[in-house]
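Based on the provided sequences and hints, a complete structural model is requested.
So you can see what is in the structure, the chains are spelled out below.
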Amino acid sequence: MKKKLLSTLLCGVLTASMLAGCGSVETADEPATEDAAEEVAEDAAEETEEAAEETEEATEDAAEGEEGEAEPEAVTTEGDPNGTHMEMWSFVEAHNTFYAKMLEKWNEANPDRTIEITFTTYPYGDMHQKLLMSLQTGEGAPDICDVEMGQVPNVYEGLDTWLYPLDDSMAPYADDMLASRLAAYQGSDGKQYGAPFHVGATVMYYNMARLEEAGITQEDVDAVVTWDDYTALGEKYLEATGNEEGKYFTSVDTGGADWLWIAMAEYGDDWTGGFDGTANVQLDSVRNMLTMQQDWLNSGFAEVSPDGHIDLEAGFQNILDGNIVSFPKAMWYMSRFINYMPEEEGNWYITKCPVFEEGQNCSVGIGGTGTVVTQQSVDAQLAADFLCYAKMSPEGETMIWNDLGFDVCNTSLWDDETFAHDESNQYNTFFRNYPYDVLNSISDQIGTIMTVKISPTINEYVCNTTLNEILEEGMDVDEALQELQDAIDLEQ
Amino acid sequence: MKVKKFLFSQKTAPYIFALPFIISFLVFWVYPLISAFVMSFQDIGAITVDWVGFKNYGKLLKDKVFHTAMINSFEYMVFTCALLIPFPMLYAVLMDGNLVKAKGVWKALLYLPALTSVVISGTLFRLMFSEYKTGQMNVLMAMLGLPAIKWLKTKWTSEIALLLLCCWRWTGVNTLYFMSGLKSIDKSLYESADIDGATGWQKFKFITIPLIKPTTIYVLTISIYAGLAMFLESFMLWAGNDSPKNIGLTIVGYLYKRGIQKDDMGYACTVGVVLLLIALVINFIQLWLNGSFKKEER
Chain D
1 MKKKLLSTLL
11 CGVLTASMLA
21 GCGSVETADE
31 PATEDAAEEV
41 AEDAAEETEE
51 AAEETEEATE
61 DAAEGEEGEA
71 EPEAVTTEGD
81 PNGTHMEMWS
91 FVEAHNTFYA
101 KMLEKWNEAN
111 PDRTIEITFT
121 TYPYGDMHQK
131 LLMSLQTGEG
141 APDICDVEMG
151 QVPNVYEGLD
161 TWLYPLDDSM
171 APYADDMLAS
181 RLAAYQGSDG
191 KQYGAPFHVG
201 ATVMYYNMAR
211 LEEAGITQED
221 VDAVVTWDDY
231 TALGEKYLEA
241 TGNEEGKYFT
251 SVDTGGADWL
261 WIAMAEYGDD
271 WTGGFDGTAN
281 VQLDSVRNML
291 TMQQDWLNSG
301 FAEVSPDGHI
311 DLEAGFQNIL
321 DGNIVSFPKA
331 MWYMSRFINY
341 MPEEEGNWYI
351 TKCPVFEEGQ
361 NCSVGIGGTG
371 TVVTQQSVDA
381 QLAADFLCYA
391 KMSPEGETMI
401 WNDLGFDVCN
411 TSLWDDETFA
421 HDESNQYNTF
431 FRNYPYDVLN
441 SISDQIGTIM
451 TVKISPTINE
461 YVCNTTLNEI
471 LEEGMDVDEA
481 LQELQDAIDL
491 EQ
Chain X
493 MKVKKFLFSQ
503 KTAPYIFALP
513 FIISFLVFWV
523 YPLISAFVMS
533 FQDIGAITVD
543 WVGFKNYGKL
553 LKDKVFHTAM
563 INSFEYMVFT
573 CALLIPFPML
583 YAVLMDGNLV
593 KAKGVWKALL
603 YLPALTSVVI
613 SGTLFRLMFS
623 EYKTGQMNVL
633 MAMLGLPAIK
643 WLKTKWTSEI
653 ALLLLCCWRW
663 TGVNTLYFMS
673 GLKSIDKSLY
683 ESADIDGATG
693 WQKFKFITIP
703 LIKPTTIYVL
713 TISIYAGLAM
723 FLESFMLWAG
733 NDSPKNIGLT
743 IVGYLYKRGI
753 QKDDMGYACT
763 VGVVLLLIAL
773 VINFIQLWLN
783 GSFKKEER
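Keeping their order, the protein sequence lines are chains D and X.
Following the numbering used here, the numbering of the first sequence begins with 1 at its first residue and continues without gaps.
Following the numbering used here, the numbering of the second sequence begins with 493 at its first residue and continues without gaps.
Incorrect hints may have been included.
Result set (BS3-like, lysine-lysine): computed pairs, CA atoms no more than 27 Å apart in a straight line [to be verified]:
1) X/Lys554 x X/Lys642
2) X/Lys595 x X/Lys697
3) X/Lys754 x D/Lys191
4) X/Lys554 x X/Lys754
5) X/Lys679 x X/Lys695
6) D/Lys453 x X/Lys554
7) X/Lys554 x X/Lys647
8) X/Lys556 x D/Lys453
9) D/Lys453 x X/Lys551
10) X/Lys556 x X/Lys695
11) D/Lys453 x X/Lys754
12) D/Lys453 x X/Lys599
13) X/Lys754 x X/Lys737
14) X/Lys754 x X/Lys551
15) D/Lys247 x X/Lys625
16) D/Lys453 x X/Lys547
17) D/Lys247 x X/Lys556
Simulated restraints on C-beta separations [stated by the list, open to error]:
18) X/Leu553 x D/Ala174: 45 to 53 Å
19) D/Asp321 x X/Trp521: 52 to 60 Å
20) D/Gly346 x X/Leu616: 37 to 45 Å
21) X/Ala731 x D/Glu139: 31 to 39 Å
22) X/Pro605 x D/Glu244: 42 to 50 Å
23) D/Gly268 x X/Leu553: 35 to 43 Å
No lab work stands behind these hints: they were computed from the structure.
Yeah, the Cβ is synthetic: ideal placement off N, Cα and C, and Gly gets one too.
Given below as structure tokens:
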């Protein structure tokens with residue numbers, strides 16, 4: 001009798017532990033990190049329109065849907081019902097809408113290799129957690145999946161046992177793609193696992209309308225080469241406006257490392273040390289940037305961005321209020337103007353970032369979504385071919401620019417008049433100059449900071465602690481960097 | 493036949509009735525506990541699992557972020573215990589006496605916050621304590637003629653926000669515990685105290701406090717655990733697990749960060765095991781000081 005009891009118990013334990021396994025996926029709440037917020041907010045406005053029509057379908061699909069673990073926000077099935085069926089996940093609905101449009105084009109162009117894809121949009125945290133879990137267990141992963149830059153080190157850990165290399169599929173387009181951007185999505189074995197959406201090149205945004213009121217012309221702005229020039233220009237502006245309370249030339253971030261990335265790219269540094277090196281944050285580039293920012297704060301030239309960085313509601317309001325009139329940010333920030341600050345149309349001018357010493361590179365690629373094909377795919381090669389077509393071909397890139405407003409990686413389009421100067425594109429008309437003209441002028445100056453295993457650790461400590469210590473509390477730069485280095489050394 | 497006999501036997505029946513609990517206890521408590529303990533000695537990578545001995549524990553000793561999290565949780569625990577026992581006890585006594593009118597209304601008002609989700613209340617508190625001039629707390633500050641404060645960016649102001657959220661939410665629940673404790677006190681004790689001419693304070697001190705001691709110990713024990721295990725409140729207050737200089741990071745928050753956000757289950761389990769040990773030790777000491785262990789002998 002005892003044996004029976006024991007066996008019942010064991011059976012119970014077994015079944016329940018399986019259940020427990022499933023359940024743990026649920027615990028992945030929504031650790032919406034800054035990186036995520038960046039990407040997610042990026043397309044929020046575009047989403048809303050489509051969301052309305054798609055919710056109906058979504059609820060239908062969701063009802064019969066999977067095991068009811070992490071709740072998907074939207075599920076749609078598109079493409080040729082007779083084609084190969086695939087699954088695709090994203091954390092931004094607008095991305096899925098884009099892929100669906102490209103899928104139609106693909107099926108038209110490849111009648112013998114048609115595909116049907118079920119697109120699922122999950123919340124940022126849930127999706128990456130679910131993806132990791134399914135890759136680890138070797139079961140349940142989608143064929144194609146969006147991976148946000150900050151999550152790349154986690155997802156790439158399994159290299160080609162988890163992911164299918166895209167090298168062959170992207171061959172037709174590889175030469176036109178910006179090499180430094182592709183490199184950001186390579187694994188430590190040198191294979192290409194992710195397809196990028198955008199360059200995310202950093203540029204300088206100037207509120208020309210307000211600068212002109214202060215007697216500063218576009219020529220003055222164009223004449224800025226170094227950060228010293230930039231500081232001088234700002235001082236001139238502040239003086240002309242009478243050093244008004246609450247008005248600054250720019251704002252510096254405590255919740256994001258963009259400024260430091262720019263500094264590193266200018267000096268050709270990379271604090272991660274790449275795949276083989278060790279991370280070192282005690283770099284002159286970082287030190288110079290932080291010291292300069294500290295001086296700016298002390299002199300009333302700059303303020304600390306409300307809520308930590310400029311890519312948040314508070315940041316948009318700060319810009320609308322004219323509290324700051326210039327800032328460096330990746331080109332995808334253009335969509336924030338369209339979506340959150342439409343009244344600023346015609347006011348802003350985009351140009352390249354200042355550098356520390358003349359002759360330095362002036363830009364760096366920031367943020368992004370690398371889309372991967374998993375080894376669990378029913379037809380990995382077909383999935384990879386479609387993915388590269390969607391994200392790298394001129395047709396796909398044109399749609400990325402028009403629909404999503406990203407600075408595309410396919411450089412062959414950058415000086416294509418019909419693409420870069422297309423007046424029907426809202427981004428081309430919103431600003432005082434054509435964004436791609438700026439991109440063209442810096443095309444050989446866009447650096448890369450690698451995203452490797454240590455990256456999340458560095459980024460987290462910098463944004464939580466170091467930048468607050470230096471910019472909010474005025475701590476000595478060297479001291480703060482030493483503390484940061486100690487924290488990182490613990491992990492490597 | 494055999495099955496029937498088995499099911500109807502008097503000896504097995506208690507086991508069968510207790511089975512659901514035993515199974516869930518084994519599956520959801522014992523198994524994860526042992527498994528977490530084992531995992532705390534491992535480095536769990538994407539594909540490989542390596543046995544690393546005490547390396548995780550050694551790292552924990554040097555990990556400043558963990559130390560910050562531990563101090564935060566500990567402080568939070570101490571303050572919540574200091575606030576969430578005397579005040580609910582006072583409210584319970586007041587509501588048990590004849591001084592208060594409309595007791596039902598007060599009970600409902602005190603208990604209401606416990607019914608709201610932390611997600612919602614945390615978000616509301618975040619907005620109230622926002623650093624802008626338009627946040628409620630800063631509006632209050634302006635009324636008092638004081639400058640606006642970046643509430644959630646410095647340690648002690650954010651501590652105020654956290655404790656306020658916690659008290660707002662849990663006072664009602666603890667009051668309820670104390671009220672049920674008070675109900676079990678024999679009224680004749682108070683009557684005889686009245687005859688002896690005891691004052692209200694004396695009755696409170698010599699009758700109420702000693703007789704609701706079991707309730708107090710219970711509330712203290714769960715408060716210690718709840719204080720150390722706090723996570724969601726700070727997660728919602730800072731809209732995520734990241735706060736400036738980690739002022740809002742708790743032990744469980746750090747566990748979540750390591751295990752889920754950074755996918756480092758081995759190290760996260762080490763954090764969990766240490767949390768368990770700390771909670772056990774503190775509660776053991778507390779129960780021992782209260783004399784809870786002696787009762788059985790008496």
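Taking the hints in turn, this is what the structure says about them:
1. For the hint linking X/Lys554 to X/Lys642, the alpha-carbon distance of about 31 Å lies beyond 27 Å, and the restraint is violated.
2. For the hint linking X/Lys595 to X/Lys697, the alpha-carbon distance of about 23 Å falls within 27 Å, and the restraint holds.
3. For the hint linking X/Lys754 to D/Lys191, the alpha-carbon distance of about 23 Å falls within 27 Å, and the restraint holds.
4. The straight-line distance between the Cα atoms of X/Lys554 and X/Lys754 is roughly 19 Å, inside the 27 Å bound, and the hint therefore holds.
5. With a C-alpha separation of about 11 Å, the suggested pairing of X/Lys679 with X/Lys695 holds against the 27 Å cut-off.
6. Proposed proximity of D/Lys453 and X/Lys554 is supported: the alpha carbons are some 20 Å apart, at most 27 Å.
7. Proximity of X/Lys554 to X/Lys647 is assessed by CA-CA distance (about 22 Å); at most 27 Å being required, the pair is judged to hold.
8. For the hint linking X/Lys556 to D/Lys453, the alpha-carbon distance of about 20 Å falls within 27 Å, and the restraint holds.
9. Using a Cα cut-off of 27 Å, the hinted pair D/Lys453 and X/Lys551 holds, with the two alpha carbons roughly 18 Å apart.
10. Taking the CA atoms of X/Lys556 and X/Lys695, the gap is near 49 Å; set against the 27 Å cutoff, the hint is violated.
11. This hinted pair checks out: D/Lys453 and X/Lys754 have alpha carbons roughly 10 Å apart, not beyond 27 Å.
12. For the hint linking D/Lys453 to X/Lys599, the alpha-carbon distance of about 53 Å lies beyond 27 Å, and the restraint is violated.
13. Taken as a hint, the X/Lys754 and X/Lys737 pair is honoured in the structure, with Cα atoms around 19 Å apart against an allowance of 27 Å.
14. As the CA atoms of X/Lys754 and X/Lys551 are separated by approximately 16 Å, the hinted pair is consistent with the 27 Å bound.
15. This hinted pair checks out: D/Lys247 and X/Lys625 have alpha carbons roughly 16 Å apart, not beyond 27 Å.
16. Between the alpha carbons of D/Lys453 and X/Lys547 the distance comes to roughly 19 Å, so the proposed pair stays at or under 27 Å and holds.
17. For a cut-off of 27 Å, the pair hint linking D/Lys247 to X/Lys556 is broken: about 38 Å separates their Cα positions.
18. Remark: the range hint 45 to 53 Å for X/Leu553 to D/Ala174 is upheld by a beta-carbon distance near 48 Å.
19. At about 54 Å, the beta-carbon gap between D/Asp321 and X/Trp521 stays in the expected band of 52 to 60 Å.
20. Remark: the range hint 37 to 45 Å for D/Gly346 to X/Leu616 is upheld by a beta-carbon distance near 39 Å.
21. Here the CB-CB span from X/Ala731 to D/Glu139 is close to 33 Å, well matched to the stated 31 to 39 Å.
22. Our hint of 42 to 50 Å for X/Pro605 and D/Glu244 holds, since their Cβ atoms are close to 43 Å apart.
23. Range check, D/Gly268 to X/Leu553: about 37 Å between beta-carbon atoms, so the 35 to 43 Å window is met.
Checked against the numbered hints above, the structure breaks hints 1, 10, 12 and 17 and satisfies the rest.
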